[in-house]
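Enquirer: Here is what each chain is made of, one letter per residue.
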Amino acid sequence: MGFFSKIKNVFQNEEKNKNQDVKKEVQVYEKGLTKTRENFVSRLASLTKNHKKIDEDYFDELEEILIMADIGVNTVMEFMDRLRARVRKEKIESPEDLKEVIVDELFIIYVHDDVLVNKIQYAKEGPTVLLFVGVNGVGKTTTIGKLAHQQVEAGKKVLLVAADTFRAGAVEQLKEWAKRIGADCTYKDSGSDPASVVYDGLQKAKNENYDVVLIDTAGRLQNKVNLMKELEKINRVIGSFIENAPHETLLVLDATTGQNGISQAKAFQEITNITGIVLTKLDGTAKGGIVLAIKEEVGLPVKYIGLGETKEDLQVFDIEKYIYGLFKDMM
Amino acid sequence: MFESLGERLQSAVHKIKGYGKITEENIGDAMREIRLALLEADVNYKVVKEFTSSVKEKALGEEVQKSIKPGDLFVKIVKDELTELLGGESTPLNTSGKPAILMLVGLQGSGKTTTIGKLAAYLRKKHAKKPLLVACDVYRPAAIDQLKQVGKSLGIEVYEEGKKDPVEISKNALAYAKENGYDYVLIDTAGRLHIDEELMLELKNLQKEIAPQEVLLVLDSMMGQDAINVIQGFHDDLNLTGVILTKLDGDTRGGVALSVRHLTHVPIKFIGVSEKLDGLEPFDPERMAGRILGMGDIISLVEKATEVIDEEEAMSTAKKMQSGKFDLNDFLKTTKQIRKLGPLENLLKMIPGASKMGLNNVQIDPKQIAHIEAIILSMTPYERKHPEVIKASRKTRIARGCGQSVQEVNKLLAQFDNMKKMMKQMTNGNMKMPF
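Chains P and E, in that order, are what the protein sequence lines are.
Under the working numbering, think of the first position of the first sequence as 1, with each following residue one higher.
Under the working numbering, think of the first position of the second sequence as 332, with each following residue one higher.
Simulated from the structure, these hints should not be mistaken for lab results.
Just so you know, even glycine gets a beta-carbon here, dropped at the ideal spot from N, CA and C.
Careful: at least some of the hints might be erroneous.
Unchecked claim - Within a straight-line C-alpha distance of at most 25 Å, the following computed DMTMM-like cross-link-like pairs (lysine to aspartate or glutamate) qualify:
hint : chain 1 : residue 1 : chain 2 : residue 2
1    : E       : Lys387    : P       : Glu56
2    : E       : Lys495    : P       : Glu56
3    : E       : Lys387    : P       : Glu172
4    : P       : Lys311    : E       : Asp476
5    : E       : Lys742    : E       : Glu704
To be verified - What the simulated footprint calls covered on chain P by chain E, stretch by stretch (three residues with Cβ under 8 Å from a Cβ of chain E suffice, anywhere in the stretch; the number is not a length):
hint : segment
6    : 58 to 69
7    : 84 to 92
8    : 216 to 229
Please put together the full structure from these sequences, using the hints given.
Expert: See the structure below:
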């Protein structure tokens, strides 16, 4: 039984069991990914319909579909090679049968043999420190607001640290989020040294027994040497103040990002110890396929996805649901 | 920005240069390289297909077959096609209205608020006109604050009424602008998805009510294949007059620049090239195509230099150089002018063949120039005019004054000495370029 039929069963069973929570979660995925899915799936479906047999035309069109989903160019080229090999070896003839193999292979790219953990790694004692990094405009501050909201809801004492002292209005934006969700916020005037804001925040967190500290940093393009050095310093300050911190460093990535996503992942991974990706803006038409290439080439898994602008619009990433969301109409 | 694309195209083209004749077989490799390079640069799949087939067709055409150097002609075909793809000629802003109304729209996080500040500063500088910024992002937390801070740092007024109806705010802002003699009204709108019907309707209403001359889509240059859906979505609803590409100072290959005009016929009007508020440049298709191919951009470089360097000052410096009277005071002035040119990395990239000389990845620490300035500023006026008097004890004092080591002071003096020697050679007419 291919992966395709496996997840189909999983979801049918879940629905049979009337597990309301899971069902609700799946629906949010489906809703957010509707636009994403419509394009991608309708094209895959018509690909299957339009081609009676598997020939070069079929492969060309499949390659186009995958490239259009922003899955990395190298990843797609290798994927196509593997697929061709499987078609030859397993003597697959009808596009209908190949559909399952395609999903199967996509799943393999992402998962490999890894055991993927999407839960936040909490500190055994003392505050858990989460650091958010990324290029400009990906949604770091909004993501922090949403994730902090979940922590507050879970009854944790939450502190936000406004270490984006560069962008105009960034401190105010985080303060407004703190107010909205009922968390506290450490900040200084814009233009202050971000590392010193972090220092103050961590001191406050220790003294006043906060459970979770979420640190916002300024957006920086990964080729700006000075800004990357600044991030290195922030990271060092955190590590020297609280052992093993930051416990999570999350790279926030815009789903509309193309091939540059790989360069972003590599550069930020070099400076900090990235533990996962938050894929934002997945409620648009972008597919965020670059995360498959990032997982394959840099080894970074997605932990959360952002599906909108309200405080509830953040979900734990689940590759099975993600693929299910993409391929639902095909099943 | 486009280095990697340029390099790959260069190496592909280089292979062809060796052939005496272009055939379907010997350009096969080059065509595949070009195709992959463009795809990796996030150029839209359909555009890549059209581009490669059109280049191939022309390359195999009669004209090339007769040419003596088919390789050179192939390069020309690729460059011409790229220029064509980038939009042929550059399109200026329509600022005919009194006041001229410009509306900026786009997805969340594309850089609208920063760009609107840059655009206002650009218009003020270029045309010596008075711009007004209008805060119509009434959704994102602190968006109005952000625009106010941008306005404050530029000394440009921001019109805001808090979180009210954007149409209402804009109408009042227009009346205010007319009353107070503003020449440009720039409207900042909230980021939104092109598929968000409610918010797109809000933009349509806003456009209907205030009739802007320019509706500019602010687009992140790191966008992938989805860019075309976004452009099309905004264009269908608002009939865009132009696109501003942002974040081109990153290492993205920015293939989206190639897709925008070709698929929608909407011209790219500006590009954002730095985080600072003066980092906006008019988009020039031909220069961009040359830059992609690694042919350099010497025209941009020259223009940029003439814009910021005070001509009189430059003339007097040149005269002093020739007469050998160039002293550390003049050196200080020169470093200040160089700083005005912006990040030096950007300038280096404009030099033709920069990528071949390995200059495209050079990182220049702006602090180094600051250090040089600090050292000179720690000297007495007499020492600046007569650097030869600076011996051990003076060096120690200067070093202490600027917080640098004596070695750094020595290094600067040695460099200055070399420079003077080079200038003498220049005036003697046997100048040799350092590269």
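Enquirer: Confirm or reject each hint.
Expert: Evaluation of the provided hints:
| no. | hint | in the structure |
| --- | --- | --- |
| 1 | E:Lys387 - P:Glu56 | holds, 21 Å |
| 2 | E:Lys495 - P:Glu56 | violated, 57 Å |
| 3 | E:Lys387 - P:Glu172 | violated, 54 Å |
| 4 | P:Lys311 - E:Asp476 | holds, 21 Å |
| 5 | E:Lys742 - E:Glu704 | holds, 13 Å |
| 6 | 58 to 69 | holds (count 4) |
| 7 | 84 to 92 | violated (count 0) |
| 8 | 216 to 229 | holds (count 6) |
Comparing the model with each earlier hint shows violations of hints 2, 3 and 7; every other hint is respected.
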